[in-house]
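Visitor: Listed here are the chains, written in short residue letters.
Protein chains: 2
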Amino acid sequence: MNINALDRLTALLSKLPGVGKKSAGRMVYHILDGDPGYAQTLAAELAGLHQAILRCGICGGFTETDPCPICSDTSRDQSVICVVERAQDIRIIEESREFRGLFHVLGGLIAPLEGIGPGSLSIGRLLGRLKTGKVRELILALNPTIEGDTTALYLQKLLKDIKTSDNLNIEITRLASGLPVGGDLEYTDRLTLSRSFRSRVRF
Amino acid sequence: MNINALDRLTALLSKLPGVGKKSAGRMVYHILDGDPGYAQTLAAELAGLHQAILRCGICGGFTETDPCPICSDTSRDQSVICVVERAQDIRIIEESREFRGLFHVLGGLIAPLEGIGPGSLSIGRLLGRLKTGKVRELILALNPTIEGDTTALYLQKLLKDIKTSDNLNIEITRLASGLPVGGDLEYTDRLTLSRSFRSRVRF
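Line by line, the protein sequences are chains A and B. FYI, the numbering for the first sequence is 0 to 202, going by numbering that gives the first Met the number 0. FYI, the numbering for the second sequence is 0 to 202, going by numbering that gives the first Met the number 0.
Check each hint, because a few of them may be wrong.
Unchecked claim - Here are the computed lysine-lysine pairs in the BS3-like style, where the Cα-Cα straight-line distance is at most 27 angstroms: (1) B:K14 x A:K20; (2) A:K21 x B:K21; (3) A:K21 x B:K20; (4) A:K14 x B:K20; (5) A:K156 x A:K130; (6) B:K21 x A:K14; (7) A:K156 x A:K133; (8) B:K14 x A:K21; (9) A:K130 x A:K162; (10) B:K159 x B:K130; (11) A:K20 x B:K21; (12) B:K162 x B:K133; (13) A:K20 x B:K20; (14) A:K133 x A:K162; (15) B:K130 x A:K14; (16) B:K133 x B:K159.
Honestly, the hints are just simulated from the structure, not real lab data. For clarity, every value in this text was computed on a predicted model and none was experimentally measured.
Looking at chain A on its own, in the form it has when it is part of the complex (with noise of 0.2 angstroms):
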């Protein structure tokens, strides 16, 4: 079979995260037997997408205007800022309304193996809007894995040093770990077992 527009269009969906050669056969043969304005809509989407989104240049966030409209808002509360891996963790955290400080994307976690040491990571700037003065908590949004605590052992440690050096009043605080709610006990895995008691509250 030669290659042609739909053989091109399946492999270039086939690359996009859990999508197999399968799906993306079945996605071709939807936008084809679909209005072609959707096609169309879709192709202006994806073309302008590099161009209409930036990182802002205060939290490293993806946003269409700089700074974004997070860092702009006077309303939410400028004394503490949550350190996330990536630039997508802020829409999964502002989605949980929990949180209405700022955000500060590190654009990584510290993994020597993998060659990414602090270097790497927006440490500088978060430095630089720490040292404003403003900022009184710093939570640590980042995944519980080796390279998530590792990160935040090395902050932890470079916190310490510009509260001594700048005479900084700043706690730094990391989201719990534990149970997932609904979880079930029997399928949780020792480590976050082990967490979750070591973390136990008050009933």
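Chain A is fixed; fit chain B onto it per the hints.
Guide: Just chain B, lined up with the frame of chain A:
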């Protein structure tokens, strides 16, 4: 959160089959984090898709040239036509490399409850192809569903009529129904099991 380019693209992608809001979001961030060239190529393929892909004037399959490569291939067996519901079924059968004849796309199945009668299907064109006298066998590769069975019965009756009126000698066959290869008796539904009994073959 205001509607920006990310939200618009997420909403568009979540209209694809098998893509929910969460996986659409993951795709958008994957595209945004990746090479802008990928987004541009994908956009260009999508924008050109409906113009690049035609329907073959003979079989009704998707193609970039009319007639399609299969209908134009004189090395294929011109005496057998495999009747399928949708154009994308051709690819599935081609990939099995079991069949070397021609195809005919009906464009649907008879479904009175949904208002789809024989008139909505490309049956007239099929009869035209049969009346050339070259065709010796018509293989019905329709889904083993009520609609597939209804359509198969309708075609069988129609063929019986033209066999008499046009003095044609065409055999009509259907794909075998039975246990899927690698399947398990225990997980086979009653109807499939009863069909596989009735169509049992000598060992």
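Visitor: Does the structure keep A:K20 and B:K20 at a Cα separation of 27 angstroms or less?
Guide: holds, 20 angstroms
Visitor: Taken at face value, is the distance from the CA of B:K20 to the CA of A:K14 at most 27 angstroms?
Guide: Holds. A:K14 to B:K20 sits at ~18 angstroms (cutoff 27 angstroms).
Visitor: Would the pair B:K162 and B:K133 pass a check requiring their Cα atoms to be no farther apart than 27 angstroms?
Guide: Holds: B:K162 and B:K133 sit about 13 angstroms apart, inside 27 angstroms.
Visitor: Take a quick look at whether A:K156 and A:K133 sit within 27 angstroms of each other, Cα to Cα.
Guide: Given that 27 angstroms is the threshold and the Cα spacing comes to 20 angstroms, the pair holds.
Visitor: Please verify whether B:K159 and B:K130 have alpha carbons no more than 27 angstroms apart.
Guide: Distance of about 13 angstroms is within 27 angstroms: holds.
Visitor: Does the structure keep A:K21 and B:K21 at a Cα separation of 27 angstroms or less?
Guide: This hinted pair holds, its Cα atoms lying about 20 angstroms apart.
Visitor: Would you check the hint for A:K20 and B:K21, treating anything up to 27 angstroms between C-alpha atoms as holding?
Guide: Within the cut-off at roughly 20 angstroms; holds.
Visitor: Does A:K162 lie within 27 angstroms of A:K133 when you go C-alpha to C-alpha?
Guide: holds, 13 angstroms
Visitor: Taking 27 angstroms as the top limit, are the C-alpha atoms of B:K21 and A:K14 close enough?
Guide: Distance of about 17 angstroms is within 27 angstroms: holds.
Visitor: Does the structure keep A:K21 and B:K20 at a Cα separation of 27 angstroms or less?
Guide: holds, 20 angstroms
Visitor: Would the hint linking B:K14 and A:K21 be met if the CA-CA limit is 27 angstroms?
Guide: Holds, at roughly 17 angstroms.
Visitor: For the pair we were handed, B:K14 and A:K20, check the Cα-Cα distance against 27 angstroms.
Guide: Distance of about 18 angstroms is within 27 angstroms: holds.
Hint check: a violation occurs at hint 15 only; the rest are consistent with the structure.
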